[in-house]
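Asks: Take a look at the letters that make up each chain.
Protein chains: 2
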Amino acid sequence: MGSSGAVPAYGRYPSAQLINLHNEYLLVDCGEGAQMQLARFDLPLMRINHIFISHLHGDHYLGLPGLLFTMHLHHRENDLHIYSPKGLDDILTTQLYHSRSVPCFRIVLHTLNTHTSELILEHPHFTVHSFPLYHKLPCCGFIFREKPKPRRIDPEKIPPGLPPSRLVALKNGEDIYDDAGNLLYKNEDYTLPPRPSHSYAYCSDTAYDEHLIQHIQGTDVIYHEATFISADEAKARETLHSTAAEAATIAKMAGTKKLLLGHFSARYRDLDVLLEEARALFPESELAIEGKTFYIHQI
Amino acid sequence: MGSSGAVPAYGRYPSAQLINLHNEYLLVDCGEGAQMQLARFDLPLMRINHIFISHLHGDHYLGLPGLLFTMHLHHRENDLHIYSPKGLDDILTTQLYHSRSVPCFRIVLHTLNTHTSELILEHPHFTVHSFPLYHKLPCCGFIFREKPKPRRIDPEKIPPGLPPSRLVALKNGEDIYDDAGNLLYKNEDYTLPPRPSHSYAYCSDTAYDEHLIQHIQGTDVIYHEATFISADEAKARETLHSTAAEAATIAKMAGTKKLLLGHFSARYRDLDVLLEEARALFPESELAIEGKTFYIHQI
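Residue numbers (the numbering used here), protein chains in the order written: chain A, 554 to 852; chain B, 554 to 852.
Same shape as in the complex, but just chain A (with noise of 0.2 Å):
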């Protein structure tokens, strides 16, 4: 929803993606004006029940306060849980207290290690690691990860007849016996091998920083900051930011599938100049720029 970076431009807005997991919601990153991106794009804002915030710089949280009173003024009931480097807590607080509002829902604030990497979020279907981002301010990346799924029912070839228990039993990855401790069915000769597990990693803001490639390494897709191109290396470093050329060495040396840009500079009015850039060091690049669905079971 916003492919901005510090200063946004053309239309661009700060950072803020929407994930959909399993039907679970996740927005990763909140900049100014994501409340209107979700409505602009027809997304469910009110099913967002988790929020990952990496860092609190401006354009990564300033969406944040008007998100939630708008999900107040929706009449919220479910928890919501946030996920922060130490300090939102005091920000919203403290705003809170001076609009005199009572949130009519539970904000359950989790503050992240910005030092090392941490399961932050178990779901049934999916689990949410963060891992320390090189910037400024503590920062931390996320990897959303699907669990690995059940084997599936090879319909051809199922036993005629068989009691639904034994089925249920099959799709669980049990073999069946009988009550003599026979083996009856394997499980592997009447299943098919599960559909394979997804996995995307978020990085921004950073520097270029090969240290965080033992995270993301393997991840189907990564998203990864490209706010600068390297005729502009200067102002990467000075700034903790990376290069288009920088964004695509990691995800080349992390082995992934695709890569998503983003944050991009207000100096750049096209965007073709990073997208060119990291395609020429992997070409599986694209720009995650605003209203942009990418379907990562696909890919």
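What the hints contain is simulated information worked out from the structure, not anything from laboratory work. Only true hints are included.
Only some residues are given here: those of chain A computed to face chain B with a beta carbon under 7 Å: (1) E585; (2) G611; (3) G640.
Covered stretches of chain B (in silico footprint by chain A; criterion: 3 or more residues with CB under 8 Å from a CB of chain A, positions within the stretch not fixed): (4) 554-561; (5) 586-599; (6) 607-615; (7) 623-637.
One side only, chain A facing chain B, incomplete, derived with CB under 8 Å: (8) V560; (9) G586; (10) Q588; (11) G616; (12) L626.
Since the model is a prediction, treat every value here as computed from it, not as a measurement. C-beta: ideal position from N, C-alpha, C; glycine also.
Keeping the supplied structure of chain A fixed, place chain B upon it in accordance with the hints.
Replies: Only chain B this time, still in chain A's reference frame:
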């Protein structure tokens, strides 16, 4: 730049208006996304020296931190004056602390008196007064008034060969005497009356409140919030907002020339219901929607 009430909807943004008064750009309220709207309408963000925040509900100030940060990244040098009820210093300081940022320009915070009208800005060509509004939080309206303008030299009546010093004296409204003290030129014989001075009043957010008429009486143009239609009057009572009919009633009683309506509830997709309701009582009503410019000196 923003005509929406608390929940932005249908592409409408939260409250924000830009006033150009003798080439000073004054920002009135600064809802989320104001900096994007400034860019969208090609308005000069860096020339804003005064920002007036009516109250500390999020939809009236959440665009401020991002705007300040963008000014910082654009290397602003001039002081920036912000007028707000108590609390904004606390909010901004907390955010700056956690983002480890120090703006490269001076922010001068002026705390508004929310109990009585006050002169808050005196400029060579205009004044700005605040006055209390009746809302859930301490809240101020603002009145922008051009000072009386000088009489204008009547080119058809100026005596030929009049020395420039005497021309300036006439321009300054003086009568001209000879050394013996005899009246040579009576000012009004050689000058035209001054052009009219204009005024604009901003009233948001407020319940219907006839107390505010004393403050805005006779202003050329009044902006008055019109969050609801009369059919939803109970909602207006509960939330201390106004209906379009109430805004029109205030405009009529204040003897204004034009009424601008805004702060529309998300429950109305089509705003014509609000406009029609106001016009039935006060025909010179307009919707102050995104991108719309009103030329007050032509009204």
